[in-house]
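Peer 1: Next come the chains, spelled out residue by residue.
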Amino acid sequence: MKKTILLFSGDLDKAFAAFIIANGALAMGDEVTMFFTFWGLNALRKPNPPSVAKKIVEKMFGWMMPRGADKLTLSKMHMAGMGTAMMKGVMKQKNVQSLPVLIKLAQENGAQLIACSMSMDVMGLHQEELLEGVEIGGVATFLGEADESNATLFI
Amino acid sequence: MKKTILLFSGDLDKAFAAFIIANGALAMGDEVTMFFTFWGLNALRKPNPPSVAKKIVEKMFGWMMPRGADKLTLSKMHMAGMGTAMMKGVMKQKNVQSLPVLIKLAQENGAQLIACSMSMDVMGLHQEELLEGVEIGGVATFLGEADESNATLFI
Amino acid sequence: MKKTILLFSGDLDKAFAAFIIANGALAMGDEVTMFFTFWGLNALRKPNPPSVAKKIVEKMFGWMMPRGADKLTLSKMHMAGMGTAMMKGVMKQKNVQSLPVLIKLAQENGAQLIACSMSMDVMGLHQEELLEGVEIGGVATFLGEADESNATLFI
Numbered sequence: 079m080k081k082t083i084l085l086f087s088g089d090l091d092k093a094f095a096a097f098i099i100a101n102g103a104l105a106m107g108d109e110v111t112m113f114f115t116f117w118g119l120n121a122l123r124k125p126n127p128p129s130v131a132k133k134i135v136e137k138m139f140g141w142m143m144p145r146g147a148d149k150l151t152l153s154k155m156h157m158a159g160m161g162t163a164m165m166k167g168v169m170k171q172k173n174v175q176s177l178p179v180l181i182k183l184a185q186e187n188g189a190q191l192i193a194c195s196m197s198m199d200v201m202g203l204h205q206e207e208l209l210e211g212v213e214i215g216g217v218a219t220f221l222g223e224a225d226e227s228n229a230t231l232f233i
Numbered sequence: 079m080k081k082t083i084l085l086f087s088g089d090l091d092k093a094f095a096a097f098i099i100a101n102g103a104l105a106m107g108d109e110v111t112m113f114f115t116f117w118g119l120n121a122l123r124k125p126n127p128p129s130v131a132k133k134i135v136e137k138m139f140g141w142m143m144p145r146g147a148d149k150l151t152l153s154k155m156h157m158a159g160m161g162t163a164m165m166k167g168v169m170k171q172k173n174v175q176s177l178p179v180l181i182k183l184a185q186e187n188g189a190q191l192i193a194c195s196m197s198m199d200v201m202g203l204h205q206e207e208l209l210e211g212v213e214i215g216g217v218a219t220f221l222g223e224a225d226e227s228n229a230t231l232f233i
Numbered sequence: 079m080k081k082t083i084l085l086f087s088g089d090l091d092k093a094f095a096a097f098i099i100a101n102g103a104l105a106m107g108d109e110v111t112m113f114f115t116f117w118g119l120n121a122l123r124k125p126n127p128p129s130v131a132k133k134i135v136e137k138m139f140g141w142m143m144p145r146g147a148d149k150l151t152l153s154k155m156h157m158a159g160m161g162t163a164m165m166k167g168v169m170k171q172k173n174v175q176s177l178p179v180l181i182k183l184a185q186e187n188g189a190q191l192i193a194c195s196m197s198m199d200v201m202g203l204h205q206e207e208l209l210e211g212v213e214i215g216g217v218a219t220f221l222g223e224a225d226e227s228n229a230t231l232f233i
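Chains as they are written, first to last, in our numbering: chain A, 79 to 233; chain B, 79 to 233; chain C, 79 to 233.
For the record, the hints were derived by calculation from the structure and aren't laboratory data. None of the values given here were measured: they were computed from a predicted structure.
Heads up, simulated BS3-like pairs for lysine-lysine below, C-alpha to C-alpha not over 30 Å straight-line:
id, chain 1, residue 1, chain 2, residue 2
1, A, Lys-166, A, Lys-154
2, C, Lys-182, C, Lys-154
3, A, Lys-166, C, Lys-124
4, A, Lys-182, A, Lys-172
5, A, Lys-132, A, Lys-182
6, B, Lys-166, C, Lys-154
7, C, Lys-166, B, Lys-124
8, A, Lys-166, C, Lys-137
9, B, Lys-124, B, Lys-182
10, A, Lys-154, C, Lys-137
11, C, Lys-166, B, Lys-137
Stretches of chain C that chain B covers, calculated by requiring three or more beta carbons in the stretch to come under 8 Å of a beta carbon on chain B:
id, region
12, 87-96
13, 103-109
14, 168-180
From the derived model, a few chain A residues whose C-beta atoms are all more than 10 Å from chain B:
id, residue
15, Met-106
16, Arg-145
17, Gln-171
18, Val-179
All C-beta atoms, glycine included, are put in the ideal place defined by N, C-alpha and C.
Using the sequences provided together with the hints, build the complete structure.
Peer 2: Structure follows, in structure tokens:
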């Protein structure tokens, strides 16, 4: 059975939860579609994207938002980086996979990753700045996937 | 197929996502029920409501919370208003409809908008302070709608 | 019909919404499974837990996070405690049940409360620190419950 996950949040902990659920579902034989919108797009940004022509305001969004899964921070207890570093450290110690690894695994195991075209347009993000294999779609794509799913989560 | 959206958040970006999904679903021929609770109620407040008799604490909630869809702010990068203004500016430039317009469209296209009675009671909001056409219901109403839907989102 | 609620958030208002929905569903004859992960686990902590052996970093998490449902705070307008106290006061006045009471009622009425084993491990929480009757499970447990439910909410 298909699961559709819409990742709206750009928080490390929420992105982490989304990909833990996605990988769990894939392991259980489910199909998984993930739709990334607003701040959720940041999880898909390449750490070192090719340079693309942008307007000033698009450049500003690009600078202010975290560049990729490894730069996301906790929604709570970030504490100027200390809390986020502590959480990452504990996870590593407990052999919990990092977010970039979870994203890679989800892709390898067949999750469909779709970036919201309207959010990309508003935030000035171009396809070549996002991870390889990410598709682009709109709200109709998301709703079509939800119609085929037995659970749709907004995270 | 029906979609039920519970809007709990009072953030501009989340309310925006909720109404983009709602209008998308309506365009695809779905029925849509939206249930507004807690901070989500603020999206339904009239900008210039009639005056109603309130207790002190109800007045305080009324003053502290944003009065209507046009007053909501971003969950991230609000930056004392600069980020929210920048986002609104970019959206306008990209011909993305504003939140008040999206709400109007949803209502015109048949979305059922239901305000949570318990939240209204706690926050001291009266029906005449909310947009015309908004109904009032409780958690049983929400659950009944969810039972008829093939996707229910908590936003 | 079963409802599955994943509580990720440790905010008072969101935990409150989760348990209002859970108790509403139980009252309507639904089965309810609630899965607690990340900050959501804090709602299940005993106010006065037995002492357990912990590493330094686990103790730190324990100190920094709210100990139990009665210590959670609002996601908005917490205002150094004033907003949270005001909200609790108004709710009491309006005869709305408190979060600890709602949790107790949900348990008494048959809701299955499951704490996420991976989050417990990361945050260093032990079963004896959580409320009596809480079970432990992983993402596969959550997904199995979602497969049996006609609505699954991520809160």
